[in-house]
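Asker: Let chain A serve as the given structure and place chain B on it in line with the hints.
There are 2 protein chains.
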Amino acid sequence: MINFNAGPAALPLEVLQQASEAVIDYNRSGLSILEIPHRGKLFDDILEESKVLVKELCGLGDDYDVLWLQGGGRLQFAMIPMNFLAENATAGYVDSGHWSTEAMEYAAYYGKVKTLSTSKEYNYTQLPNWPSLKGEDLSYVHFTSNNTIYGSQWPEIPKSEIPLISDMSSDIFSCRRDYTNCALFYAVAQKNLGAVGNTLVAIRKDMTERIVRSVPPMLSFKEQVAKKSVLNTAPVFPIYVSLLMLRWIIDKGIDAIAQDTNTKASLLYNEIDRNTLFTGIVKKEDRSKMNVVFLGKDKKMEQQFLEFCEENDVTGIAGHRSVGAFRVSLYNAISVANVQTLISLMQDFEKNYQ
Amino acid sequence: MINFNAGPAALPLEVLQQASEAVIDYNRSGLSILEIPHRGKLFDDILEESKVLVKELCGLGDDYDVLWLQGGGRLQFAMIPMNFLAENATAGYVDSGHWSTEAMEYAAYYGKVKTLSTSKEYNYTQLPNWPSLKGEDLSYVHFTSNNTIYGSQWPEIPKSEIPLISDMSSDIFSCRRDYTNCALFYAVAQKNLGAVGNTLVAIRKDMTERIVRSVPPMLSFKEQVAKKSVLNTAPVFPIYVSLLMLRWIIDKGIDAIAQDTNTKASLLYNEIDRNTLFTGIVKKEDRSKMNVVFLGKDKKMEQQFLEFCEENDVTGIAGHRSVGAFRVSLYNAISVANVQTLISLMQDFEKNYQ
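Residue numbers (this note's numbering), protein chains in the order written: chain A, 357 to 710; chain B, 357 to 710.
Quick caveat, the hints were computed from the structure, so don't treat them as lab data.
Accuracy of the hints is not assured; some may be wrong.
For identical chains, the list gives no copy identity; a pair is met inside one copy or between any two copies.
Claimed, not checked - No farther apart than 30 Å at their CA atoms in a straight line, the calculated lysine-lysine pairs in the DSBU-like style are these:
| # | residue 1 | residue 2 |
| --- | --- | --- |
| 1 | K476 | K397 |
| 2 | K655 | K583 |
| 3 | K578 | K476 |
| 4 | K515 | K656 |
For reference, chain A alone in the conformation it holds in the complex:
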């Protein structure tokens, strides 16, 4: 089964095999990975190696801390303003679609929110302009590096004088990025980085001095940094799966991954543009290389193509319930060959469609 789901997403077979073995016996410890203590050498080693690999991949120095937290993107939507946005202060949000909008809604519980730019008028089928931040008095600027639902993606992480915070859930580690342009970035694991249940947060050390509100330790970046991801019982297994993915990424090399990402996206977009039955929805220069969103000729044909794919062991290409049609996610575990299989199905279907 080829799984193009947007998340939880496909994982490489070798990662699944190692994870499966660890559930029975982790590293010949005689204990399952589900049983090892979260305070002790076995898990300390997992945390330390995963931190080193994240820093290597992102080019982060000693001025950043790497955390694994629970609660997914939405807990970050809450924790970020809870920590950094005072009641009478303003945070700036760049609105490129669903997840940006939801992050703004969460922030509004804690302070003032300014929409710096939006492409809502285009129904998010293109990116908004990157805002000029000149003269803005903002606690931080938040943006979503890749729009998982509509399928648009920022090509670069801009520099910013105001602390830049990025939700990179759906395109982290898919190419080289200027991660250090961010004061804080986060990514849920269940796309390019492992299994659901943990969220990577990288935070520049000076950010902990910008905390404006007294919150319980579990929700405080300062306390989480101080406790190095084990303030509470850390989700050991999801973090271990992320470590396996990090090793896989490092082993393959980020440049090879970036090249594959380009190849997979080009092949698929070319076919969408060529095939008479399909149409992309996003403006060409803003298209995401991670989540390819497109429409079929009509509802009936869309349904038939979905069924045709399932019959041929291809799953997870139905679009998000708020957009419809198709979404094909090209995360790291998806190979060029997987994409070629899908393209063949699109071509076969076109030939036989009446």
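Answerer: The following block gives chain B in isolation, referenced to the frame of chain A:
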């Protein structure tokens, strides 16, 4: 290796085997349990069955909702007062030790906290008195059903006119309990109920009408109830492991489990009381049947016994870092035979100790 850790804790081998197989291929779906969508029939079935089994085990009717949330006990420490304790209102806490105390500290961020009773003066080596709640004006009363760190346990869940909230993390499903005496109870999974990464919350429906504060959806019990545990991407794998544990518990029968719990605890406490090298720390009538906490003759002997156990494939009996000495956790996956093995080691060690 016999694993007496307090959590993450031992799981039955058959649960580990099924979990391990599901990581490769869940239920012959062709997908790993780490890859299946959190919105879709495969996971809906897991959620539905786990809800039914929790309700069966707890005797809960339609007036309760069952949720699986992330963030562990500490996020509940925060969410409970965030939702139910207004700034000028008071919540009552029964303080039986570390976790009760920490829950109180979290509540103090949101409103007033009244310590209804405490055994701090005895260094928590006994339970406090159960408080009279007559005439109290409290938003809720919180207590910890089993003190994992010091090793004391409430024998019953009292009835209460004021909504009773219980942290049952370390003794849920170890015996029959009057769960419906609670308006809300919660339990992290990594002890009697699966792997770290999800927390069971059962909440009586009228509680959502008592919410006093507007909080982001992710932190709102009302929204979590409305979205039936899939407000965000649920931790599919930990929830599945909990379902496997629930089936295992139902299959064994809660009465048989309760009987084993009594047997395991009696055997071990009898040996502690008999053996010249060990001393229990908790008042006899308040002793926990889940976490057995005891001291050795002296520090040197304690260290030697820990090493002796490790040499004999028995692990996880070192006490919590705040109490020291020994803690043996007798969760559901620990068999009577496992306890007998430990007792033999205690006896062998005593014979040879000089």
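Asker: Does each hint fit the structure? Answer for all of them.
Answerer: Hint-by-hint comparison with the structure:
Within a single copy, K476 and K397 get their C-alpha atoms no closer than 49 Å, and across copies no closer than 32 Å, so neither meets the 30 Å cut-off. With identical chains, the CA atoms of K655 and K583 are at most 30 Å apart between copies only, with a shortest distance of 28 Å across copies and 52 Å within one. Only between protomers do K578 and K476 lie at most 30 Å apart by alpha-carbon distance; the minimum there is 29 Å, versus 35 Å within a single protomer. In this assembly of identical chains, the alpha carbons of K515 and K656 never lie at most 30 Å apart, being 46 Å within a copy and 58 Å across copies at closest.
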